[in-house]
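A.B. asks: Sequence:
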Amino acid sequence: MKRPTIADIARRAGVSKGAVSYALNGQPGVSAETRARIQAIAQEIGWRPNLAARSLSGAKADAIGLVLCRPARFLGVEPFFMELISGIEGELAASSCALMLQVVADHEAEIAVYRRWWGEGRVDGAILVDLHTDDPRVPVVERLGMPAVVTGHPSGTGSLPAVWSDEVAVLREVIEYLAALGHRHIARVAGLPALLHTRLRDEAFAELCAESGVREHPVVHTDYTGEQGARATRRLLSSRARPTAIVYDNDIMAVAGLSVAQEMRLDVPAELSIVGWDDSPLSQVVRPSLTAVTRDIPACGAHAAQTLLRLISSGETGSLEGPPARLLPRGSTAPAGRDRTVSRAM
Numbered sequence: 001m002k003r004p005t006i007a008d009i010a011r012r013a014g015v016s017k018g019a020v021s022y023a024l025n026g027q028p029g030v031s032a033e034t035r036a037r038i039q040a041i042a043q044e045i046g047w048r049p050n051l052a053a054r055s056l057s058g059a060k061a062d063a064i065g066l067v068l069c070r071p072a073r074f075l076g077v078e079p080f081f082m083e084l085i086s087g088i089e090g091e092l093a094a095s096s097c098a099l100m101l102q103v104v105a106d107h108e109a110e111i112a113v114y115r116r117w118w119g120e121g122r123v124d125g126a127i128l129v130d131l132h133t134d135d136p137r138v139p140v141v142e143r144l145g146m147p148a149v150v151t152g153h154p155s156g157t158g159s160l161p162a163v164w165s166d167e168v169a170v171l172r173e174v175i176e177y178l179a180a181l182g183h184r185h186i187a188r189v190a191g192l193p194a195l196l197h198t199r200l201r202d203e204a205f206a207e208l209c210a211e212s213g214v215r216e217h218p219v220v221h222t223d224y225t226g227e228q229g230a231r232a233t234r235r236l237l238s239s240r241a242r243p244t245a246i247v248y249d250n251d252i253m254a255v256a257g258l259s260v261a262q263e264m265r266l267d268v269p270a271e272l273s274i275v276g277w278d279d280s281p282l283s284q285v286v287r288p289s290l291t292a293v294t295r296d297i298p299a300c301g302a303h304a305a306q307t308l309l310r311l312i313s314s315g316e317t318g319s320l321e322g323p324p325a326r327l328l329p330r331g332s333t334a335p336a337g338r339d340r341t342v343s344r345a346m
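Going letter by letter, the sequence shown gives residues 1 to 346 in the UniProt record's numbering.
Hints in this document: simulated from the structure, not taken from any laboratory. No experiment lies behind these values; they were computed from the predicted model shown. Treat each hint with caution, since some may be false.
[Unchecked claim] Computed Cβ-Cβ distance ranges for the label pairs, DEER-style: (1) Ser155 / Val104: 21 to 31 Å; (2) Ser96 / Arg265: 53 to 63 Å; (3) Ser314 / Arg234: 51 to 61 Å; (4) Ala241 / Asp202: 18 to 28 Å; (5) Thr133 / Gln262: 29 to 39 Å; (6) Gly158 / Ala109: 17 to 27 Å; (7) Arg143 / Ser314: 19 to 29 Å; (8) Glu203 / Gln284: 26 to 36 Å; (9) Ala93 / Gln39: 32 to 42 Å; (10) Ser289 / Ala40: 56 to 66 Å; (11) Ala94 / Pro139: 25 to 35 Å; (12) Gly26 / Val104: 24 to 34 Å; (13) Ala40 / Gln262: 52 to 62 Å.
Here a beta-carbon is modelled for each residue, glycine too, at the ideal position from N, C-alpha and C.
Modelling step: build the complete structure from the supplied sequences, incorporating the hints.
C.D. replies: In structure tokens:
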């Protein structure tokens, strides 16, 4: 997968390499129409000015890219990304390959970073995270020809390899466990609704609750922060028919939810069972310790890096399904008591 060159632009535009050079360097010698056409082609294929020297030398960047479309302040408290990065770094260190990390505000900015990195020869490939439904990044990366691996379900990755695990299987384990404890009103505090894995969990949660005889199964979407997790929990526990169990899409929200329950004088787990997701150290330092979905996040990062390095070196493609997560019961879950109602004014 060679990077775009001036010669590539010249072939597409049907002009000489000299004309391309004039157009891209703002020099006279080409018409305004030709200049616009050349600039559009350069943008489309991801060309950048210093590409020529790197192409002539045949040098590799010996670096891969990771762009995170999340608030920077969020990364300091979110264990998932730190564990994922630790797995990626561990694998790259053995290959003397560096990780370029950038935080952006939206997908438009993220796509611009990929174009710049690839066009300027800054990276040999990238790992894409937080896959969205109909993700706009996938077709752009495919057109650029940049080697890339997606951490997410392969149904949304196009031709890009995926590193993923079956979340439906562990969600089934969670719902069946809570149902066996007698819970018939289970709520879920979910993450961002635009994410593909959130949509897959939403669909599976509704189906599995219906299969298990769970009568009520409301879902509240959040941005994964403790603030919104607490707000969602307060709303659920202040309803007239409050849930007897809540499943959270990450540990930060689960810990925030536990604090809200204790503020409202609810006994966990006697009056409310709580299940977290990812099983970070946060799950074990609170009291009661949280029942959690546990998975090897550093291994996921390492598998993504391994898959990308193989793609870069040999062109080997193919998605990798990792081991499924599993449920680890702890002190925050217990048999459901009889259904209770509370005043909205609580």
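A.B. asks: Determine for every hint whether it applies to the structure shown.
C.D. replies: Structure-based check of each hint:
1. The given range of 21 to 31 Å is respected by serine 155 and valine 104, whose C-beta atoms sit roughly 25 Å from each other.
2. Hint check: serine 96 to arginine 265, Cβ distance near 56 Å, so the stated range 53 to 63 Å holds.
3. In this structure the supplied range 51 to 61 Å holds for serine 314 paired with arginine 234, their Cβ-Cβ distance being about 53 Å.
4. Look at alanine 241 against aspartate 202: about 21 Å separates their beta carbons, and that is inside 18 to 28 Å.
5. Between threonine 133 and glutamine 262, the C-beta spacing of about 36 Å keeps the proposed range 29 to 39 Å intact.
6. Distance hint check for glycine 158 and alanine 109: the Cβ-Cβ separation is about 21 Å, which falls inside the suggested range of 17 to 27 Å.
7. Against the hinted window of 19 to 29 Å, the Cβ-Cβ separation of arginine 143 and serine 314 comes to about 22 Å, which satisfies the hint.
8. Between glutamate 203 and glutamine 284 the beta carbons are some 30 Å apart, a value that agrees with the proposed interval 26 to 36 Å.
9. Between alanine 93 and glutamine 39 the Cβ separation comes to about 40 Å, which falls inside the hinted range of 32 to 42 Å.
10. With their beta carbons about 58 Å apart, serine 289 and alanine 40 fall inside the hinted range of 56 to 66 Å.
11. Range check, alanine 94 to proline 139: Cβ separation about 32 Å, and the 25 to 35 Å hint holds.
12. Roughly 28 Å separates the CB atoms of glycine 26 and valine 104, a value that falls within the hinted 24 to 34 Å.
13. In this structure the hint that alanine 40 and glutamine 262 lie 52 to 62 Å apart at CB holds, the actual value being about 59 Å.
Every hint, counting from the list given before, is met by this structure.
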